[in-house]
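Q: Residue strings, one per chain:
Number of protein chains: 2
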Amino acid sequence: MKKNKYIIQPNIEDISLYEKVKGLDQEGERISAKVVQERPLTIYLNNQEIVTLMTINDYPEYLAIGYLLNQNMINPNERIRKVEYDKDIQTIVIRTNRKTNYEKLLKKKITTSGCAQGTVFGDIYEEIEKTKIKSKTKIKKIWIYELSKQITLTPSLYLEAGAIHGCVLCKNNSPLIYMEDVGRHNAIDKIAGFIFKNKITTNDKIFYTTGRLTSEMIIKTVKMGIPILISRSGFTAWGVELAMKTNLTLIGRAKGKRFLVLSGHTRIT
Amino acid sequence: MKKNKYIIQPNIEDISLYEKVKGLDQEGERISAKVVQERPLTIYLNNQEIVTLMTINDYPEYLAIGYLLNQNMINPNERIRKVEYDKDIQTIVIRTNRKTNYEKLLKKKITTSGCAQGTVFGDIYEEIEKTKIKSKTKIKKIWIYELSKQITLTPSLYLEAGAIHGCVLCKNNSPLIYMEDVGRHNAIDKIAGFIFKNKITTNDKIFYTTGRLTSEMIIKTVKMGIPILISRSGFTAWGVELAMKTNLTLIGRAKGKRFLVLSGHTRIT
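Chains as they are written, first to last, in the numbering used here: chain C, 1 to 269; chain Z, 1 to 269.
Warning: the hint list may mix true and false statements.
Note: identical chains are not told apart, hence a pair may lie in one copy or across any two.
Claimed, not checked - Calculated pairs, DSS-like style, for lysine-lysine (alpha carbon to alpha carbon, straight line, at most 30 Å):
1. Lys245 / Lys5
2. Lys136 / Lys34
3. Lys34 / Lys82
4. Lys134 / Lys99
5. Lys136 / Lys5
6. Lys82 / Lys132
7. Lys22 / Lys199
8. Lys197 / Lys134
9. Lys34 / Lys199
10. Lys82 / Lys140
11. Lys149 / Lys87
12. Lys34 / Lys149
13. Lys149 / Lys171
14. Lys199 / Lys134
15. Lys99 / Lys22
16. Lys82 / Lys138
17. Lys34 / Lys134
18. Lys255 / Lys82
19. Lys138 / Lys99
20. Lys87 / Lys257
21. Lys34 / Lys138
22. Lys140 / Lys171
23. Lys149 / Lys255
24. Lys82 / Lys245
25. Lys257 / Lys149
Rather than coming from a laboratory, the hints here were simulated on the basis of the structure.
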């Protein structure tokens, strides 16, 4: 198997991402456990406070931009004029040329499932139901195994401390961009932010997540224009329905040599 | 091992909780997979719309009451005058004798981690940091193994369809109340609602969750007055910190014969 060469990934050497905590194991022996940090990050769009997210905060700029993109608060062609991150007061301000006001949108809020409760503002569901992914990108069965194996073996915060989710943007059988966070929605938003900032083409990519294939994961993948979504975890009915409507290839329960395809199987060769 | 006799648990015979979806497996064979349903449920408190949750919706009344309790929108001694659940328009209205208005609270919103993003309204963090659990309830090491084993073997929506989280209220080595949902926050809220409705004592109980021990899981357990929290999954640093501050016994990574205690080990005998 080839060596992973990610364009970007969590810096597992960064000790600010963990805390060492003293405790006892099952034998009553004193142990020191590594646990992940979660910190608040308040996101402003121009002069408006949008949300406070709990995050490991390794890539605040990508997280903020990806979050705003995935909530339709900035658009894919938006001109970002300035990003001001203030570590001390845990805020980040994204400034655009366009005037923005999402007071109305902020009022329409659906707390989604996910593992806990994601928040989706406004009419994203209605928008997504009209989207069709047209990409003719294919995935070979063997790539599914190869990607899963490489990603599982990548040194990660998950292997170091657990209690964290990962998302990976891949091309063919190569994982390229790896993001982790306490919320897998943060992980996917950080990837969206990186894609935006670096103008990465998405219609030839594959998205891998450790989390479940619920509606909001489908929405975010479709919004990013990625045609294939893989997870080691399971599906929800609404997730499957949205994937079928949008022509997304949905591969779940991908473990070892097994997987299930519940939407868009024609992209698998 | 004794047979499970739950007071309440998900009805795995209820076919409305699943959907059968056709797909292909790794060999390209046609299969029919069971996947869980997620549906919106909009919660009103008196005349005010509070939130829309995505849920499997098996116990809407418990979910709504537990959610409002855990968000400090109804208090533990609240008199609930009426509950109106309308299946067709997917709404539930909780009516209290007291006049309520949470317009201000609804504006202060922290999107927490969890697996996705939970939403916590208002100043719950500040309130919890001042709380101390005084219960002298103990847990035997062997009960941790017995509970984990019984819960894992219980017929559940997880075993049927996956992509779902479970929470269980236990006493000694007996699991009593089992709730599952697409969001583990919904599962814990349903338990909180059941406890409220049935006036169940909590300071002698043990809480088990399949999910991670993040800050908002600690907060909800402490708010319910339960002294011991167990998970098969890991911890976040802030979760551990809150558990220590509130004197909650926190047992994580409980798998097979192994576990770690990162707070309140004096309750383990």
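Q: Cα distance capped at 30 Å. Does lysine 34 pair with lysine 134 within a copy, between copies, both, or neither?
A: between (44 Å within a copy, 28 Å between copies)
Q: With 30 Å as the alpha-carbon cut-off, assign the pair lysine 149 and lysine 171 to within, between, both or neither.
A: within (15 Å within a copy, 41 Å between copies)
Q: When no copy is named, should lysine 22 and lysine 199 be tagged within, between, both, or neither for a Cα gap of at most 30 Å?
A: neither (44 Å within a copy, 36 Å between copies)
Q: Is the C-alpha distance from lysine 138 to lysine 99 at most 30 Å within one copy, between copies, in both cases, or in neither?
A: neither (40 Å within a copy, 58 Å between copies)
Q: At most 30 Å between CA atoms: does that hold for lysine 255 and lysine 82 within a copy, between copies, both, or neither?
A: neither (43 Å within a copy, 47 Å between copies)
Q: Cα distance capped at 30 Å. Does lysine 34 pair with lysine 149 within a copy, between copies, both, or neither?
A: For lysine 34 and lysine 149, both the intra-copy (24 Å) and inter-copy (26 Å) Cα distances are at most 30 Å.
Q: From the Cα coordinates, with 30 Å as the cut-off, is the pair lysine 34 and lysine 138 best called within, between, both, or neither?
A: Answer is between; shortest inter-copy Cα gap is 26 Å, intra-copy 40 Å.
Q: How do lysine 149 and lysine 255 come out at 30 Å by Cα distance, when the copy is not named: within, between, both, or neither?
A: Both: 9 Å inside a copy, 23 Å across copies.
Q: Should lysine 136 paired with lysine 34 be assigned to within, between, both, or neither, using CA atoms and 30 Å as the limit?
A: This pair counts as between: shortest inter-copy Cα distance 28 Å, intra-copy 43 Å.
Q: When no copy is named, should lysine 87 and lysine 257 be tagged within, between, both, or neither for a Cα gap of at most 30 Å?
A: neither (44 Å within a copy, 42 Å between copies)
Q: Using 30 Å as the alpha-carbon threshold, which applies to lysine 199 and lysine 134: within, between, both, or neither?
A: Cα proximity of lysine 199 and lysine 134: one copy only (19 Å, versus 55 Å across).
Q: For lysine 82 vs lysine 138, is the C-alpha pair at or below 30 Å within one copy, between two copies, both, or neither?
A: neither (38 Å within a copy, 55 Å between copies)
When each numbered hint is compared with the structure, violations occur for hints 1, 3, 4, 6, 7, 9, 10, 11, 15, 16, 18, 19, 20, 24.
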